[in-house]
Amino acid sequence: MEQPGYRTGEPWYKRFLKSEALTGYFLISPAVFLMLVLLAYPFVLAVYISMTDRVLGEPGSFIWFGNFLKLLQDSLFRQTVLNSFIYTVATLSLKLFFGVILALLLNQEMPARNLIRGALLLPWVVPTSLSVLTWLWMFDSLFSVVNYILLGLGLIQKKIPWLGDPFWAMVSVVIVNTWRGLPFFAVSFLAGLMTIPKELYEAAETDGAKQFRQFWHITLPLLQPVIAVVVLFTTIWTFADFQIVYILTHGGPINATQIFATMAYDVALVAGRIGEGSAISLFLFPALLIVIIFMLKFLRRE
Amino acid sequence: MRRKRFRTLKRIVGLYLPLAAFLLFALFPFYWMLISSFKPNPELYSLKANRLWIAHPTLDQFRDLFAKTAVLQWLFNSFFVSLLTSVISMGFGIMAGYALARLKFPGAQGFGLATFITYLVPTTLIFIPLVRVVQSMGLSNSIWSLVVTYPTFLIPFCTWMLIAYFKSIPKDMEECAMIDGCSRIGAMVRIVLPMAIPGVIFSGMFSFTLSWNEFVYALTFISSTAHKTMSVAVPTELIRGDAYFWGELMAASLLGSVPVALLYSFFMDYFVSGLTAGALKG
Numbered sequence: 001m002e003q004p005g006y007r008t009g010e011p012w013y014k015r016f017l018k019s020e021a022l023t024g025y026f027l028i029s030p031a032v033f034l035m036l037v038l039l040a041y042p043f044v045l046a047v048y049i050s051m052t053d054r055v056l057g058e059p060g061s062f063i064w065f066g067n068f069l070k071l072l073q074d075s076l077f078r079q080t081v082l083n084s085f086i087y088t089v090a091t092l093s094l095k096l097f098f099g100v101i102l103a104l105l106l107n108q109e110m111p112a113r114n115l116i117r118g119a120l121l122l123p124w125v126v127p128t129s130l131s132v133l134t135w136l137w138m139f140d141s142l143f144s145v146v147n148y149i150l151l152g153l154g155l156i157q158k159k160i161p162w163l164g165d166p167f168w169a170m171v172s173v174v175i176v177n178t179w180r181g182l183p184f185f186a187v188s189f190l191a192g193l194m195t196i197p198k199e200l201y202e203a204a205e206t207d208g209a210k211q212f213r214q215f216w217h218i219t220l221p222l223l224q225p226v227i228a229v230v231v232l233f234t235t236i237w238t239f240a241d242f243q244i245v246y247i248l249t250h251g252g253p254i255n256a257t258q259i260f261a262t263m264a265y266d267v268a269l270v271a272g273r274i275g276e277g278s279a280i281s282l283f284l285f286p287a288l289l290i291v292i293i294f295m296l297k298f299l300r301r302e
Numbered sequence: 303m304r305r306k307r308f309r310t311l312k313r314i315v316g317l318y319l320p321l322a323a324f325l326l327f328a329l330f331p332f333y334w335m336l337i338s339s340f341k342p343n344p345e346l347y348s349l350k351a352n353r354l355w356i357a358h359p360t361l362d363q364f365r366d367l368f369a370k371t372a373v374l375q376w377l378f379n380s381f382f383v384s385l386l387t388s389v390i391s392m393g394f395g396i397m398a399g400y401a402l403a404r405l406k407f408p409g410a411q412g413f414g415l416a417t418f419i420t421y422l423v424p425t426t427l428i429f430i431p432l433v434r435v436v437q438s439m440g441l442s443n444s445i446w447s448l449v450v451t452y453p454t455f456l457i458p459f460c461t462w463m464l465i466a467y468f469k470s471i472p473k474d475m476e477e478c479a480m481i482d483g484c485s486r487i488g489a490m491v492r493i494v495l496p497m498a499i500p501g502v503i504f505s506g507m508f509s510f511t512l513s514w515n516e517f518v519y520a521l522t523f524i525s526s527t528a529h530k531t532m533s534v535a536v537p538t539e540l541i542r543g544d545a546y547f548w549g550e551l552m553a554a555s556l557l558g559s560v561p562v563a564l565l566y567s568f569f570m571d572y573f574v575s576g577l578t579a580g581a582l583k584g
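Line by line, the protein sequences give chains A and B.
No gaps in the numbering here: position 224 of the first sequence is 224 in our numbering, and each next residue is one more.
Quick note, our numbering runs 302 ahead of the 1-based positions in the second sequence.
Read the hints as simulated data drawn from the structure, not as lab findings.
We treat Cβ as the ideally placed atom computed from N, Cα and C, and that holds for glycine.
Be aware that one or more of the hints could be misleading.
Some chain B residues close to chain A (C-beta under 10 angstroms, calculated; not the full set) [to be verified]:
no. : residue
1   : Leu325
2   : Pro344
3   : Leu346
4   : Phe394
5   : Gly409
6   : Leu415
7   : Phe418
8   : Ile430
9   : Pro458
10  : Ile487
11  : Val560
Using the sequences plus the hints, can you model the full thing?
In structure tokens:
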């Protein structure tokens with residue numbers, strides 16, 4: 001390692017450029033600056049605002065944990081917590097199950113494999129707000145093409161009220177979230193599958209292990225690291241999701257699909273109760289913390 | 303002979319049929335978006351017509367869209383913000399990524415951890431106080447509010463992506479260049495960067511897409527029609543009260559989706575290898 005001032009006679013800025021620590025600090029400074037001003041500071045501000053009863057246009061006063069205590073007793077907020085859990089668990093299990101299947105399918109030899117893989121990625125690539133608009137139109141109460149197809153095939157006898165009924169509205173947002181997130185799961189799992197050595201399967205074959213047992217004893221354990229990372233990422237993203245619910249149901253009907261972020265938006269920016277809205281947002285923090293802890297534990301082990 | 307037929311059957315049932323089902327599920331909404339944007343209104347809202355096909359294709363929806371809305375302005379805003387933020391983030395990401403991959407300095411590990419954690423922080427956790435921060439910077443209701451805030455989630459991503467690429471490049475070449483009198487930063491720009499091109503392209507492209515698709519910040523910081531980006535303008539400006547103009551909405555959605563879809567079709571291989579590296583390294 002070179003010492004600062006190692007070669008005397010050089011101008012100071014050249015010495016600066018050659019000292020490793022200073023170069024390091026120089027290189028990370030823009031990133032650090034942005035993260036401090038636009039992430040760390042807003043986070044501290046969020047904690048502060050959540051402890052005030054601030055409404056739009058008024059500074060409000062400091063009320064400690066008043067907002068959090070009030071929220072915990074609020075039936076609408078409890079519903080939101082429950083909805084967020086249902087939304088996260090349901091979409092995560094669906095994406096996990098179908099993601100593994102899709103990855104196994106894509107891992108086989110077939111014509112036009114790259115084209116198929118590209119086509120399957122499309123839901124994940126295009127702007128979510130725009131593709132969800134298409135789903136909104138597909139679930140339209142009068143002109144729903146999904147109902148048109150299901151009725152035409154004789155799979156249902158009468159129209160399903162996709163977005164008009166509390167149960168079906170939750171089903172709808174879960175379907176759309178799964179549709180959007182499945183490609184990420186499948187492609188990540190596919191990448192994991194491709195790193196598994198073929199010899200393992202050949203050895204299992206000679207031992208007479210059937211396909212299912214090969215999957216259970218070779219594929220799944222070796223895929224586990226990728227699965228863990230993908231699940232952890234998706235947990236926090238889904239918990240904090242906003243767009244799909246905002247555009248598809250706006251939390252309705254009768255708050256049946258209200259989740260943390262949409263409720264925070266409604267309370268803080270539509271109703272103007274900024275303190276309370278910030279508190280709702282901050283309920284995402286424990287979830288984030290858990291994901292971070294698991295992620296760090298996991299990465300350290302790897 | 304029978305064995306062969308059995309194998310073909312197994313392949314159809316075990317591979318092609320389920321794959322076709324997945325493809326149908328993934329692509330049908332795009333088909334629906336496409337045909338809805340080329341249908342005339344009477345056909346769009348007819349319960350009798352065959353809804354899965356277009357009887358009278360028309361460009362009316364696009365004509366109305368361009369005549370009545372600021373769609374070109376929204377597309378321009380999206381391009382401007384996405385291009386600028388991805389270039390900024392790539393630049394800062396290259397710097398930070400190189401520092402973490404190659405240099406030893408006190409606090410490097412802490413910074414690496416911080417970028418990783420930032421990458422996990424959802425935008426919905428801090429969007430409410432950010433409205434005030436943006437306001438105090440005098441940027442509310444301007445696309446510059448997005449140019450400033452988007453790098454906060456793009457830089458961590460680029461940094462992590464590029465650390466992996468930089469680490470895969472052997473140290474010898476830049477050390478040689480430095481012995482020959484090249485400065486550290488000179489060696490980074492001239493030797494390491496050209497070898498990390500796939501990683502740079504991937505992270506740039508991915509940043510562009512993330513910016514192009516971003517919704518929460520754009521929705522909360524910007525209120526006037528002229529400054530909106532595509533992803534927010536279409537759902538907020540084209541739905542007026544309870545009136546949905548589905549033809550125009552689908553035409554606009556198509557216009558907003560095509561640029562990123564094209565980007566991906568050109569760089570598919572980079573994308574898959576990049577995503578793979580990202581997914582495996584976390």
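Going down the list of hints, with the structure as the test:
{"no.": "1", "hint": "Leu325", "result": "6 angstroms, holds"}
{"no.": "2", "hint": "Pro344", "result": "13 angstroms, violated"}
{"no.": "3", "hint": "Leu346", "result": "8 angstroms, holds"}
{"no.": "4", "hint": "Phe394", "result": "5 angstroms, holds"}
{"no.": "5", "hint": "Gly409", "result": "8 angstroms, holds"}
{"no.": "6", "hint": "Leu415", "result": "8 angstroms, holds"}
{"no.": "7", "hint": "Phe418", "result": "8 angstroms, holds"}
{"no.": "8", "hint": "Ile430", "result": "5 angstroms, holds"}
{"no.": "9", "hint": "Pro458", "result": "8 angstroms, holds"}
{"no.": "10", "hint": "Ile487", "result": "6 angstroms, holds"}
{"no.": "11", "hint": "Val560", "result": "9 angstroms, holds"}
Comparing the model with each earlier hint shows a violation of hint 2 alone; every other hint is respected.
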